[in-house]
Amino acid sequence: MTAPFDIIVPVRNEAIALAFTAPALARSLDGLCARVIYVLNATTDQSASVIRKAFGSRAVIVELPEAGKTLALSAGDAAAQYGTRVYLDADVTVTADIFQKLLAPLHDGTADLVSPRIQVEFGRAGPLARRVGRVWADQMARRPDAFMCCTVLSPKGIEIRGPWPDILSDDDWQRDRINPARRMVVETASINIIAPSNLLGWLTVRARWIRGRKELEHLNPEAPHAAWVQPRGTIPDLAAYYGVRLAAEPVAFVQERIGITWGRDHSSRRARNV
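Per this note's numbering, the sequence shown starts with residue 21, numbered consecutively.
One or more of the hints may lead you astray.
As the list claims (entries may be wrong) - Simulated restraints on C-beta separations:
| no. | residue 1 | residue 2 | range |
| --- | --- | --- | --- |
| 1 | K121 | P43 | 18 to 26 Å |
| 2 | E276 | V249 | 23 to 31 Å |
| 3 | E179 | C53 | 34 to 42 Å |
| 4 | L258 | Q139 | 40 to 48 Å |
| 5 | G51 | P256 | 41 to 49 Å |
| 6 | Q66 | E141 | 41 to 49 Å |
Derived by calculation from the structure, the hints in this document are not laboratory data. Yeah, the Cβ is synthetic: ideal placement off N, Cα and C, and Gly gets one too.
Please take these sequences and the hints and turn them into a complete structure.
Dropping the structure here:
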């Protein structure tokens with residue numbers, strides 16, 4: 021039997037995505053002892069109503085007036101009751117048996133941090149955005165350190181990680197705190213995400229990743245870099261991919277100068293609303 025665990029989901033104006041992801045999460049928990057904590061930070065849309073429709077009274081909803089993902093993660097930790105915790109992005113769709121697969125390596129002592137493989141959907145992506153997405157999705161399928169979007173920590177892993185700092189790349193920071201020998205991507209478990217459906221969306225998220233990487237390097241210059249996985253694809257796909265990577269550098273600089281604190285892709289949210 022799977023031991024009890026908490027699931028912490030930060031939310032900021034995710035009503036469109038939650039209409040799909042919350043029911044899938046609720047279905048995946050049948051027969052499991054899990055406590056779901058949605059942390060709404062500076063949320064002004066109907067996210068809470070969508071969550072209640074999917075879960076009824078089974079989900080805990082914490083509402084914060086301030087915006088900030090790591091602030092929401094910290095509030096989720098404060099509300100958690102169990103030692104094992106899942107950190108799940110609000111726009112991620114889980115599969116039916118994902119948690120049994122993810123929790124097994126923690127319970128048998130094999131790992132302290134696990135993640136599933138990411139399956140990328142393209143929704144209504146335009147042709148250029150789809151080219152970028154194909155290259156990125158292939159990289160994610162091969163990366164040995166793709167601990168993102170859905171991560172699970174053992175009690176020991178949470179202790180080693182410590183409290184969340186105010187940082188953009190929360191997933192990468194958390195990953196780097198755990199010994200590589202105690203990390204595992206569970207190949208038989210998967211989540212589904214929708215990739216940006218236009219180039220502006222890709223530029224926005226790529227610029228955020230650049231800023232997050234630089235922030236991590238500033239915090240700890242000795243921290244290991246993420247595993248480099250050679251991009252693969254057709255020449256047109258690679259041209260679009262590298263074009264976005266190059267163009268995102270000045271976008272990241274501008275975001276930082278004008279004080280953008282996050283940088284969200286709205287196109288993937290709209291792609292669900294069909």
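Comparing the hints with the structure gives:
1. With their beta carbons about 20 Å apart, K121 and P43 fall inside the hinted range of 18 to 26 Å.
2. Taking the beta carbon of each, E276 and V249 are about 26 Å apart, inside 23 to 31 Å as hinted.
3. For E179 and C53, the hinted distance range of 34 to 42 Å is not satisfied, since their beta carbons lie about 22 Å from each other.
4. Roughly 21 Å separates the CB atoms of L258 and Q139, a value that falls outside the hinted 40 to 48 Å.
5. Taking the beta carbon of each, G51 and P256 are about 47 Å apart, inside 41 to 49 Å as hinted.
6. The given range of 41 to 49 Å is broken by Q66 and E141, whose C-beta atoms sit roughly 23 Å from each other.
Checked against the numbered hints listed earlier, the structure breaks hints 3, 4, 6; every other hint is satisfied.
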